[in-house]
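Trainee: One letter stands for each residue in the lines below.
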Amino acid sequence: MSLLKLENLSYIYDSAKVKVLDQISYEFDEGKIYAVIGKSGAGKTTLLSLLSGLASPSEGKILFREKDISSLDKYKYRSQYVGVVFQSFNLLQNLTAVENVVLSMDIAGIKQKNKKEFATELLGKVGLSVDESKRRVLKLSGGQQQRVAIARALSYNPDVILADEPTGNLDGETQEEIMSIFRGLANEGKSIILVTHSPIVAKSADVVYELHDLSKNKAKKKDAQGKDAQNKVQAVV
Amino acid sequence: MYIFKNALRSISRSKGRNILVGIIVLVIAVSTCVALSIREAAAKAKESTLDSIQITAQISVDRQSMMKNSTTTGVAPDRESMQAAFAGASGLSLDEMQVYAKAASVKAFSYTLTSSFNGTDAMKPIDTSSTSSTTSSSSTTTAKTPTNTQQGQSAGGFGKMGAQGSFTVIGYSTDSAMTAFVNGTSTITSGAIFSEGTSDNVCVISDELALYNSLSVGSVFTLVNPNNTAETIQLTVAGIYKNSQATVTTGNTMGGFSAASDPANEIYMSYNALKAITTTSIANAAAATSTTASTALREQVAGTYSFADVESYNSFDAQARALGLADTYTITSSDLTSYQQSLQPLENLSKFATYFLIVVLLIGGIILIVLNIFNIRERKYEIGVLTAIGMKKGKVSLQFITELFLVTFTCIIIGAGVGAAVSVPITNSLLKSQVSSAQAAAASQTTSFGRSNTNGTTNSTTTNSKNTGTSNNVGAPGAIVTKTTNYISEVSSATNFTVILQLMGIGIILTLVSSCAAVIFVLRYEPLKILTNRD
Chain A
990 MSLLKLENLS YIYDSAKVKV LDQISYEFDE GKIYAVIGKS GAGKTTLLSL
1040 LSGLASPSEG KILFREKDIS SLDKYKYRSQ YVGVVFQSFN LLQNLTAVEN
1090 VVLSMDIAGI KQKNKKEFAT ELLGKVGLSV DESKRRVLKL SGGQQQRVAI
1140 ARALSYNPDV ILADEPTGNL DGETQEEIMS IFRGLANEGK SIILVTHSPI
1190 VAKSADVVYE LHDLSKNKAK KKDAQGKDAQ NKVQAVV
Chain B
289 MYIFKNALRS ISRSKGRNIL VGIIVLVIAV STCVALSIRE AAAKAKESTL
339 DSIQITAQIS VDRQSMMKNS TTTGVAPDRE SMQAAFAGAS GLSLDEMQVY
389 AKAASVKAFS YTLTSSFNGT DAMKPIDTSS TSSTTSSSST TTAKTPTNTQ
439 QGQSAGGFGK MGAQGSFTVI GYSTDSAMTA FVNGTSTITS GAIFSEGTSD
489 NVCVISDELA LYNSLSVGSV FTLVNPNNTA ETIQLTVAGI YKNSQATVTT
539 GNTMGGFSAA SDPANEIYMS YNALKAITTT SIANAAAATS TTASTALREQ
589 VAGTYSFADV ESYNSFDAQA RALGLADTYT ITSSDLTSYQ QSLQPLENLS
639 KFATYFLIVV LLIGGIILIV LNIFNIRERK YEIGVLTAIG MKKGKVSLQF
689 ITELFLVTFT CIIIGAGVGA AVSVPITNSL LKSQVSSAQA AAASQTTSFG
739 RSNTNGTTNS TTTNSKNTGT SNNVGAPGAI VTKTTNYISE VSSATNFTVI
789 LQLMGIGIIL TLVSSCAAVI FVLRYEPLKI LTNRD
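So the protein sequences, as listed, match chains A and B. Just so we're aligned, residue 990 is where the first sequence starts under the working numbering, counting upward by one. Just so we're aligned, residue 289 is where the second sequence starts under the working numbering, counting upward by one.
The hints are all genuine.
Using C-beta positions, here's what the derived DEER-type ranges look like:
1. B/I701 with A/Y1002: 49 to 57 Å
2. B/S717 with A/K1102: 56 to 64 Å
3. B/K817 with A/K1123: 30 to 38 Å
4. B/F662 with A/D1057: 34 to 42 Å
5. A/E1110 with B/G653: 45 to 53 Å
6. B/K817 with A/D1057: 17 to 25 Å
7. A/E1048 with B/I701: 53 to 61 Å
8. B/K293 with A/E1019: 32 to 40 Å
9. B/T786 with A/S1118: 51 to 59 Å
10. B/G682 with A/Y1002: 22 to 30 Å
11. A/S1118 with B/M289: 26 to 34 Å
12. A/E1110 with B/K293: 14 to 22 Å
13. A/E1019 with B/M289: 28 to 36 Å
Keep in mind the hints are simulated off the structure, nothing from the lab. Just so it is clear, CB atoms sit at the ideal spot from N, CA and C, and this is done for glycine as well.
Generate coordinates for the entire structure from the input sequences, incorporating the hints supplied.
Mentor: Next up, the structure:
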């Protein structure tokens, strides 16, 4: 049983009447890292928005554990089942790194004691020192903010991690560190879906979905052993 | 709980914005507290004054109604029919008054008997009619012996009492009927008041009269029947009283009025004792057949009905009518008139406070709503992030409302404190200016008239230290003797628990109304749009 499944998913931007995604059918299983690649404007971020429940598909379904997410409480879905790392981090600027993480846990309804300590520990895991964790997000660099965003997405232990360019602001070494964190999470049984331009990230993924121009109608799929496979997808650029 | 913590954190990290909101709320809170306090003080003063006054009423002939009934619309007034109507109307007898005293609303009924006497060489009335100065009980009284004309005036203004003497002797049925002593206007300075219902010829006299005639407690003096000089009575002074409020105004414009109208020449005794005197006089006069005109002492009975409260007074009219009181009689209460007059400045101020409150709340509410809208627009991104990471819009709204409540209530508590501190001086200051305005209007009227106005509005002012109020004399007809009415010109406390509760209620409503704008915006925002636009 797939953890997350797209069935004939299409999306049209209402404002421009432009079809961005057309009849996509993907499956995301537990314990794997997925990379969604494609040119700018191919609909990668739109796909992420649909998967996170921030947008609703024009056609088709998104199934989470065989349940259509449109029938689920979207707030609960976003705060408990999927963790989203946004491209622009979307952190609360007037809060510290720890407070951002703790707030996310509060929203998820986690009753755990010592949330602050747990958040500090989590931030430490993604490479933020205790001192940096106490700083307001506004005073952190892009890379540090990215780490806070990842820690926030991990804080409530979601089943799926959705990340839009999660290593975009990080150097090569840190990229690898982050990817190893994702690998660890995948090994714990989580499904990691990464939208990326980075070849390093794509290379580390178990499965790569490539969104192409609709005329090509193709996507590469690579199995866990790194062998290329063909998987038809329909995408409109 | 995290919503509350988040709200607190948000307030502490956005000081500038919250201080601005706080200042506005503080101004609204102080203004509202003062306005509510003024209203409360007015209501309390009204209530306590009403509780403290003894509501009494009298039944009198309704001349205006009779004149109106005698006049046909569109036809010239018919004097003859009016005279006929007046001739048929007479004051109620004691028996009739006692019938209406049985009305359920009447708490007590008392009555007085008034008669008029002349003095003797040893007992002369105080008369200041030839002086032009205004004297009061506390000032030096200039007195002179009344002229023969005054001693034997025809009593046009004294009902049907024949010749009017220089002294007015009033007999009271009960102690409670002596309202001047009950309310403290008059106090015994020497001796004691005669026993209630006594038939002994004992009386109390004013301190001025005692001083003028060298009388003291135990002294015996003689009074003469103004219709029959051979008929005399002897009274023993049981007590001497001082009237703290009665003001005597005499002068050239007041010529022609008897000394009997001067309160200093009023002698008080028991109804039974005076009734015995007048009954004897009437019997003597009936026995003497040689004279054409009656030589008996004239007497006039007046009844006073007391009520527990205003409602009882208001219901008395219907009850008295049911017991047979004719339409040609009217029921009036001078206590209520005086009470309403004393409250006028405070009521004016209360009205002003109400309008002020409405304006402050309207303007303050609009400013708060606008500020909130700007605040929410400024925090649009925050709303987008919170909803994107799974916080429900309702909870986001709740956080914003909590923030506003925390700021508002902190400022309302401070505002209530400041308002409570300043409301009393502000109320008193405004009240004094209201009283001053009323007095200035009266003074202007006096200037315009070229003399004191005698229609019962205002003549002069005195300060009554006991009631911390400024008094305006309400002129009796002719303005010879005026009785003071106290304006309430000072309140000691204004802000109470009710005001605080009202203030809190207004705070809650104001916060909810201004939060509505925030809630509407939060509900309208879609996280994806906000975050995409920012990107």
